[in-house]
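First to last, the protein sequences are chains F, Y, B, A, G and P. Heads up, the first sequence is in our numbering, so the first residue is 1 and it goes up one at a time. Heads up, the second sequence is in our numbering, so the first residue is 1 and it goes up one at a time. Heads up, the third sequence is in our numbering, so the first residue is 1 and it goes up one at a time. Heads up, the fourth sequence is in our numbering, so the first residue is 1 and it goes up one at a time. Heads up, the fifth sequence is in our numbering, so the first residue is 1 and it goes up one at a time. Heads up, the sixth sequence is in our numbering, so the first residue is 1 and it goes up one at a time.
None of these hints come from the bench; they were simulated from the model. Note that this is a predicted model, so its numbers are computed, not measured. Incorrect hints may have been included.
Copies of one chain are not kept apart here, so a pair can be met inside one copy or by any two copies together.
When the alpha-carbon atoms are kept at most 30 angstroms apart in a straight line, the in silico BS3-like pairs for lysine-lysine are as follows [stated by the list, open to error]:
id : residue 1 : residue 2
1  : K167      : K123
2  : K138      : K66
3  : K126      : K66
Spelled out from the first residue to the last, the chains are:
There are 6 protein chains.
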Amino acid sequence: MNTHRRTPSDSFTIMNEIVLPNDTNTLGNLMGGRLLHWMDICAAIAAQKHSNQIVVTASVDSVSFKEAIHLGDVVTLQAQVSRAFNSSMEVYLEVFAQNIPRNEIVRCNEAYYTFVALDSRNKPVKVPELMPESELEKQRFDGALRRRQVRLILAGKMKPDEAQELKNLFLP
Amino acid sequence: MNTHRRTPSDSFTIMNEIVLPNDTNTLGNLMGGRLLHWMDICAAIAAQKHSNQIVVTASVDSVSFKEAIHLGDVVTLQAQVSRAFNSSMEVYLEVFAQNIPRNEIVRCNEAYYTFVALDSRNKPVKVPELMPESELEKQRFDGALRRRQVRLILAGKMKPDEAQELKNLFLP
Amino acid sequence: MNTHRRTPSDSFTIMNEIVLPNDTNTLGNLMGGRLLHWMDICAAIAAQKHSNQIVVTASVDSVSFKEAIHLGDVVTLQAQVSRAFNSSMEVYLEVFAQNIPRNEIVRCNEAYYTFVALDSRNKPVKVPELMPESELEKQRFDGALRRRQVRLILAGKMKPDEAQELKNLFLP
Amino acid sequence: MNTHRRTPSDSFTIMNEIVLPNDTNTLGNLMGGRLLHWMDICAAIAAQKHSNQIVVTASVDSVSFKEAIHLGDVVTLQAQVSRAFNSSMEVYLEVFAQNIPRNEIVRCNEAYYTFVALDSRNKPVKVPELMPESELEKQRFDGALRRRQVRLILAGKMKPDEAQELKNLFLP
Amino acid sequence: MNTHRRTPSDSFTIMNEIVLPNDTNTLGNLMGGRLLHWMDICAAIAAQKHSNQIVVTASVDSVSFKEAIHLGDVVTLQAQVSRAFNSSMEVYLEVFAQNIPRNEIVRCNEAYYTFVALDSRNKPVKVPELMPESELEKQRFDGALRRRQVRLILAGKMKPDEAQELKNLFLP
Amino acid sequence: MNTHRRTPSDSFTIMNEIVLPNDTNTLGNLMGGRLLHWMDICAAIAAQKHSNQIVVTASVDSVSFKEAIHLGDVVTLQAQVSRAFNSSMEVYLEVFAQNIPRNEIVRCNEAYYTFVALDSRNKPVKVPELMPESELEKQRFDGALRRRQVRLILAGKMKPDEAQELKNLFLP
């Protein structure tokens with residue numbers, strides 16, 4: 001692998017989990033917080049593969065939980081880096097739930113997590129560039145700038161009217 | 001308690017957790033996903049207190065992790081309902097980390113989680129109104145409409161140029 | 001906060017837990033040992049807040065489990081230091097269980113845990129005095145001497161007939 | 001086994017646990033609450049063996065933690081029923097910690113837990129009598145009455161001056 | 001997917017886990033039993049995908065642990081069905097450990113687990129045939145008969161001198 | 001205890017576990033992988049008692065799961081060293097499941113685990129000899145050579161036709 005430039009498939013990571021009783025609420029559905037925890041681990045592994053560094057979670061973008069996931073379902077998480085900045089990486093994540101006896105798979109969630117790579121002295125360190133390949137990977141790569149503006153505004157580090165990419169969205 | 005109208009303090013919920021080894025990455029810092037899990041449980045208890053119903057997580061808004069939380073720290077989570085809609089509730093959440101021997105407390109995160117109340121047949125059910133009392137509670141109550149538009153846009157259920165409250169933010 | 005004298009409210013600590021499947025026996029009731037574990041963590045945080053030191057559990061006084069706590073209940077634990085001795089602290093603890101859909105709260109337990117504060121070399125270290133404020137806090141403060149005699153007798157460090165406070169209890 | 005009368009060895013139960021990182025505080029010592037949890041499980045198995053019924057914890061007598069137990073130690077718990085009453089059983093429990101590389105075993109704790117046997121409708125049910133055999137088992141059997149008076153007084157179900165066995169302890 | 005015949009890639013399953021403190025012994029190495037547990041879950045998901053049924057573990061063949069896996073390593077498990085019999089499936093499993101900062105991947109283990117598919121009344125149920133595709137998959141498919149003879153001998157259900165495939169191995 | 005020679009009873013280790021919800025699959029049966037994990041811990045304690053050293057799992061021989069173990073059952077594991085080689089020990093293990101209300105005990109499994117003893121620098125270290133006492137212990141001691149040949153063949157470190165003990169099994 002090239003250590004300066006990497007593709008999304010270099011960091012592609014799959015996790016499978018079975019929903020056990022302690023992962024569910026009293027209705028027998030997977031608790032949202034447990035899924036957020038699994039998503040963080042899966043996305044962190046992808047960011048580690050991209051950077052070959054220890055990483056820490058910097059942020060998670062909004063996540064909505066549309067589909068109930070049930071006790072005994074197999075949850076499949078897929079993550080890959082969608083864009084690299086200086087020392088941070090945006091990771092794109094999809095979640096599927098599979099009811100094995102009914103042979104049904106449902107796409108449940110997508111999300112973006114951001115991680116910072118740290119060296120052994122706990123300081124941010126430069127990460128390789130991301131080179132998107134497929135059309136979809138290029139779209140996500142381009143959208144990363146817009147999502148980054150949203151994060152900076154939400155963190156109070158940018159004023160809304162400086163966010164040119166976002167303004168274009170809301171203007172006719 | 002009035003069962004039709006409730007105040008934020010009716011649902012106020014505190015959780016304390018000690019950061020144990022399995023909660024940390026190899027740098028000894030609390031993993032983001034574990035914190036998201038704790039936040040979900042604390043916010044869900046607040047939504048249950050408001051609605052007297054079983055609740056399921058509908059969404060979590062963007063969360064950024066600015067401060068590293070360390071092994072052995074006491075993490076304090078505080079949650080209260082910030083606005084009730086028909087069958088859903090927005091919960092506001094703050095997270096603090098305390099290093100006891102150094103007598104230091106740091107405010108680490110704030111977040112908004114949204115929950116839907118379900119009856120015993122698993123169907124959405126009406127929840128009591130929220131009556132904000134303090135000035136801060138009223139600000140969060142008003143901001144809830146704007147945050148709801150963001151969620152609807154992100155979930156693909158509203159077009160950006162229909163979101164009047166948001167458009168105002170980006171226009172001079 | 002005064003570092004030589006503290007009030008019970010300086011160490012007041014609340015924990016909320018949801019009873020999950022793995023916390024229950026085959027009847028669906030919270031296991032006593034799990035509750036004792038949560039009580040120890042909650043009381044330890046209170047003792048750490050009072051002393052600003054790492055603490056270790058020295059003893060737990062008798063605890064009786066009168067009320068069954070059920071799967072899905074919200075368990076609320078409240079702890080505060082009831083008296084400080086040289087390097088040890090007695091912590092008073094109350095436990096409540098809440099059935100959210102039925103809107104019922106039951107007071108389940110009270111208990112006294114004792115902790116010793118240790119410095120970074122693992123040696124006992126002096127802790128601040130406790131200044132009780134309310135009438136109830138003063139009663140618990142006074143009773144602490146009697147409870148301490150019971151602990152010393154049970155640990156074989158005091159003979160029953162030297163325990164003057166206790167003897168008064170049993171004499172007409 | 002006789003189903004009306006049983007000996008302490010009929011219910012004798014051993015548990016071994018290794019102290020893992022999540023069981024310890026930041027000093028690397030086993031947390032008291034985790035040990036209380038293990039003790040409850042071990043004692044409950046002994047009470048189940050005696051009664052052939054599901055059991056629930058009714059109370060734990062005072063426990064003091066004299067010896068620090070360390071990360072990696074093997075903890076051995078031994079439990080056996082010390083006396084049976086109508087539907088309740090008192091269980092005697094001893095705890096040992098073993099540092100394998102140093103070949104050191106330390107006796108850390110003893111404790112009494114009380115359990116109630118429940119039938120399938122969740123109602124208390126009669127349990128077999130206990131027939132002590134060794135001299136030590138007979139002493140514990142006799143002492144059970146005195147410990148029961150302490151529990152009744154602590155639970156507010158008996159007045160101290162009615163507890164004849166206890167009064168004898170404090171009178172010259 | 002054809003419900004009567006499936007290929008190994010139809011059941012291919014990947015799991016990634018990070019080695020956390022509680023997974024390790026006091027030398028900081030992953031405990032063998034924890035790895036066997038993860039392997040069982042990963043192989044069970046593969047068998048469920050092949051059969052669209054709930055499955056239970058019937059046996060695990062000998063596993064040797066040649067490489068120490070360390071705290072913080074990313075463990076990758078890959079499983080796929082290697083042969084289907086009437087109601088049972090043999091699953092082939094490989095384990096890799098990755099030290100991210102050093103960019104090292106080590107192949108640690110391979111193993112064969114066997115599962116039985118059960119219907120909703122808990123009875124064994126017929127599973128689809130396996131059609132191997134690659135040369136390696138065909139070799140594993142053929143070897144399955146020999147491994148099955150070993151299991152039958154070890155379970156006392158076949159005499160060694162009836163195991164013709166095995167005898168060939170030991171004869172010149 | 002003699003530090004050069006030890007008997008199987010010197011290392012005899014018992015563990016009792018209650019099957020909790022998270023240990024079971026959706027049929028309410030104990031998952032095979034969880035049992036393998038418990039077996040590893042119990043066998044490791046036996047090997048540590050024999051050697052007074054930290055030990056790591058080297059291999060587990062084939063294990064078959066004949067009996068379903070159910071939610072709420074008490075699982076009893078018994079382990080003892082069956083033969084010591086230079087720095088490795090073979091441990092024999094039996095597993096029983098007990099349904100307390102039905103007063104039924106079932107013998108579920110037996111297995112052989114092998115461990116290597118390590119010194120504080122992580123290097124293999126010589127362990128005491130094992131002196132079998134009972135007839136059964138002597139049979140297991142003798143069989144250990146044959147099982148060791150199987151392990152060496154399976155690990156690719158011995159050719160089948162060099163395994164004289166095994167060849168005798170398959171020849172008339």
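Open item on the list: Taking the earlier hints as the rules, which of them does this structure contradict?
Closed with: 1
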